[in-house]
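> First to last, the sequence lines map onto chains A and B.
Residue 49 in this note's numbering sits at position 49 of the first sequence; the count goes up by one each step and never skips.
Residue 1009 in this note's numbering sits at position 9 of the second sequence; the count goes up by one each step and never skips.
Just so you know, the hints here were simulated from the structure itself, not pulled from any lab data.
From the three backbone atoms N, C-alpha and C, an ideal C-beta is built for every residue, glycine too.
Just to be clear, a hint being listed does not mean it is correct.
[Claimed, not checked] Simulated restraints on C-beta separations:
id: 1; chain 1: B; residue 1: W1103; chain 2: A; residue 2: R22; range: 17 to 27 Å
id: 2; chain 1: A; residue 1: M1; chain 2: B; residue 2: H1035; range: 44 to 54 Å
id: 3; chain 1: B; residue 1: V1050; chain 2: A; residue 2: R22; range: 24 to 34 Å
id: 4; chain 1: A; residue 1: F12; chain 2: B; residue 2: L1019; range: 28 to 38 Å
id: 5; chain 1: A; residue 1: L19; chain 2: B; residue 2: L1024; range: 13 to 23 Å
[Said to hold, decoys possible] Simulated coverage check for chain A against chain B, where a stretch passes if three residues somewhere in it have a Cβ under 8 Å from a Cβ of chain B:
id: 6; region: 18-27
id: 7; region: 52-59
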Amino acid sequence: MIPIIEYSAVIFLGFAAWLFGRRRPDILAPLGSLITRLMHNRNTRLALMIIWWWLGWHFFTE
Amino acid sequence: MTAFHINRGSNIDAVIFGLGTLLLIADWKRLIPWHMPERPKISVWAIALVIAVSCSVLFFAERNGWQDKVLLLTLAPIALVMVYYRDHGPKPGATIQMTRTKWVWMILALVMAVSELFAYIFATVFKDDDRYPTISILVNPVLESPYGRGVFLTLWMLIGIGLLQVRKKRVKE
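So here's chain A without its partners, still in its complex pose:
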């Protein structure tokens, strides 16, 4: 039960941070800007795509 509460809390807080970034960019930058900044570096792009692809592999084929 405890892990479910933790996962739900992270999802809820993530949604709140995303929404807050859209409403008040003067306090918290929008998520899109953060992604643009992170993905500016090719090595980070590569690392994030490897993790993204692995998630697909893990959930759909294992």
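Given the coordinates of chain A, work out where chain B should sit on it, guided by the hints.
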């Protein structure tokens, strides 16, 4: 990550992370002479078509079937090639808001990872998946349904497209 997957006996995951690490080192040391084109921009229709075809593969094929594996293995080089583009334009500035946002998302990601890790450890030690479910355990029943697989695949692909930011934006008239 590779060592963790070897330790838990998941050889395929270990191979994926091992290859990923080698690729990152090769990229960092510039060992691979990549051609660097402009950043690709893909129309919404092309993205929708790829998602629809991929969804139908997962919908009609059995879960964990060879078709799913072929689909994922086909998408891997496409995603890899799309990472290699020349990035013009200014990098969004390291403002105080950006630093704050980075910390917020980093903490959230860390909490999620630690929760998942402890759930995995406790589930293994106490042999109790119901009390300490990992995310995979929670998501598995949904993925058993073809509809669930379709929804998850769409979400997963949209996240990938969002990360790469390759969607062609509509020009306002």
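> Range first: 13 to 23 Å. Now tell me if the beta carbons of L19(A) and L1024(B) are that far apart.
violated (33 Å)
> Are there three or more residues in the region 52-59 of chain A whose C-beta lies closer than 8 Å to some C-beta of chain B?
holds (count 8)
> In this structure, is the beta-carbon distance linking V1050(B) and R22(A) contained in 24 to 34 Å?
For R22(A) against V1050(B), whose Cβ atoms are near 27 Å apart, the range 24 to 34 Å holds.
> That 44 to 54 Å hint for M1(A) and H1035(B) (C-beta), does it hold up?
holds (52 Å)
> According to a criterion of three or more residues whose C-beta lies within less than 8 Å of a C-beta of chain B, is the region 18-27 of chain A covered?
holds (count 4)
> Hint says 17 to 27 Å; check whether the CB-CB distance for W1103(B) and R22(A) agrees.
Cβ of W1103(B) to Cβ of R22(A): about 18 Å, so the range 17 to 27 Å holds.
> Does 28 to 38 Å hold as the CB distance between F12(A) and L1019(B), or does it fail?
holds (35 Å)
Figure legend: structure checked against the earlier numbered hints; the only hint not met is number 5.
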